[in-house]
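Undergrad: Work out the full structure: start from the sequences and follow the hints.
Each chain is listed here by its residues.
2 protein chains.
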Amino acid sequence: MAIRPAEQLIHKAAWLYYAHGLRQDQVASQLNISRASVAMYLRKARETGIVNISTSTQLFTDDVLARKLEDALGLDAVWIAPENDHIADPSTEIAVLAASVFLELVKKGDRIGVAWGRTVYMIADIMSYADLQDVTVVQLCGNLGAPYSYRPDQCTMEIARRLNAKGLNFYAPLVLSTEELARALRAEPVIREQLSGVGECDLALYSVGAVDADSHLVKCGALTPSEMAELRRQGAAGVIAGQIIDAQGKPLDCSYNRRVISAELSSLRAITRRLMVVQEDSKFEPLLAAIAGGLCTHLVVGARMAQRLLDHAHAATEKAS
Amino acid sequence: MAIRPAEQLIHKAAWLYYAHGLRQDQVASQLNISRASVAMYLRKARETGIVNISTSTQLFTDDVLARKLEDALGLDAVWIAPENDHIADPSTEIAVLAASVFLELVKKGDRIGVAWGRTVYMIADIMSYADLQDVTVVQLCGNLGAPYSYRPDQCTMEIARRLNAKGLNFYAPLVLSTEELARALRAEPVIREQLSGVGECDLALYSVGAVDADSHLVKCGALTPSEMAELRRQGAAGVIAGQIIDAQGKPLDCSYNRRVISAELSSLRAITRRLMVVQEDSKFEPLLAAIAGGLCTHLVVGARMAQRLLDHAHAATEKAS
DNA sequence: TGCCGAGTTTGACTTTTGTCGAGAGCCATG
DNA sequence: CATGGCTCTCGACAAAAGTCAAACTCGGCA
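Chains as they are written, first to last, in my numbering: chain U, 1 to 321; chain C, 1 to 321.
You may find that some hints are simply not true.
For identical chains, the list gives no copy identity; a pair is met inside one copy or between any two copies.
[Unchecked claim] Derived pair list, reagent style DSS-like, types lysine-lysine, alpha-carbon separation capped at 25 Å:
| no. | residue 1 | residue 2 |
| --- | --- | --- |
| 1 | Lys108 | Lys68 |
| 2 | Lys12 | Lys68 |
| 3 | Lys319 | Lys68 |
| 4 | Lys12 | Lys250 |
| 5 | Lys219 | Lys319 |
| 6 | Lys250 | Lys319 |
| 7 | Lys108 | Lys44 |
| 8 | Lys219 | Lys68 |
| 9 | Lys219 | Lys250 |
| 10 | Lys166 | Lys107 |
| 11 | Lys108 | Lys12 |
| 12 | Lys166 | Lys44 |
By construction, these hints were calculated from the structure, which means they are not laboratory data.
TA: Below you can see the structure in the form of structure tokens.
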């Protein structure tokens, strides 16, 4: 397969069709190929991000609720996915929105930190392709051995693939069995470099995990259900990039956290734009904790969650006054 | 006309169609309107920039010639529009390319300086709509009274309209009859402010004018053909934002330049990204002058002009060695 | 009240686009 | 040098999108 000429043709077809506004048959005759081929090239052009079709996400930030939330929580921007009546699947709606928002936030030359989880992978999966130059996607935390498709490295790779970017994977386990080993591994140059590079990211994408038996940490065997319950008693409120945080968004002082290989929360906070996406209504408290910890600047949530957050913020200010 | 609900509908239709990938009839049934209306809304969405369809201009920078030119002239990026055999109208081709490149260079929140001329207006006219937030388009030089559609203020306004941006016009004539009056006018707070704001632009768009009887300066009556010829004898090599430059790209020391109200060349050079577009082959020397003066960092030209520039650069280096 | 007119919406029609299987070209291999 | 697997390309058909004139809606006005 002559890859270059084909690429050229795709570009030319896309250019004539989208930039010049020619019809497919006109493009076909210009390029001396059949119209069917033009249609195929155009599909490829869309699939590979040679042409970008993006819709403004205005509609979802323009919402009064979104504005109020921005003010109440001190966030840079909030997008609210509708969840009324006949919306079939609110969590897909949130993911589609998040994918658009993410693409809107990415700029050429950016370095993007990506965590993992069902939500992040769903976003990656839904996200359309783009042809961004010089973008690097870095994995924010170590890996889990489980066969989930949404393993940290999978999330990173998939997003890198979609953006036509370089993926920087992190070849270390997320959790080790002893604190000493974790310490030693963190001191390794390769790992240290990767971890210290996190603060230089321009954009982060993550969700927050719940502290319960359904957590991936439990499913992947990093923690037993009873350990999880114990952590919860100790004040665990959520999971960010594999680390357990308390209600104030600070890392919980526990053995587990000391055994984790992941970007420090302070490095995460050093990232200019931190996009947090939460799909499940059940993640209200984890989300509150993440917000309290200043771990997000941009937020994508569903309408119900947004309302709850706003009610909570109002209750808090009233109590204070 | 209920403008808000209509806007909402356009957004929703665009969202369902482009982000979710539904078909028009599916969108129609979701929104309880006819498919014909959906088609209309989608057209409006495209026209107003609610959806962005952009094609990568890679093809035109990837050219070997473009790379060589970048190196030879020390520019950040060069795009070359093909001009071979059956391309109907090379100057339109250049303008279409320039419009895409321009849209690719604009970012949210940018301040954009725009000069004037047939080329700039043609680009504005061809450019597709976009919905950029917080963009300001500022006029780089004073106005001419002529009834051309490509008057400085028209260029600025049209580009602002296309981007959904704020247009900052410049209500002063380009040329005054005496140097004193020009000095006095430049000292006016309103004018001074506008002029000093130029350096804060993030992006500039201009072309370069030729020093001959066909120049707009002559057509608009700012200079007589004989004055123009005299300036040429004095070393005038081109016109940038209404000012006359010599072959080194420095402002020519002449009465005309002292009577002009326009952004100083040093302010123009302070703009990070300076996109220069040249359509006519006859503007070879003016373009050389502009490049010599460091007045462009990004360049869009046709293939013939590109070749001439490269040949010239090679000849220059050979002579030097 | 009833009529006007600008702006929308719609159904029916036309044009354009997407898709699929057949076949053509191409290389590596036996 | 024929064979088989492979991708690419094309023609024909089906599906989707674009278009337009007629119908409709809804204020304002006589």
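Undergrad: Checking against the hints above, which ones are violated?
TA: 4, 5, 8
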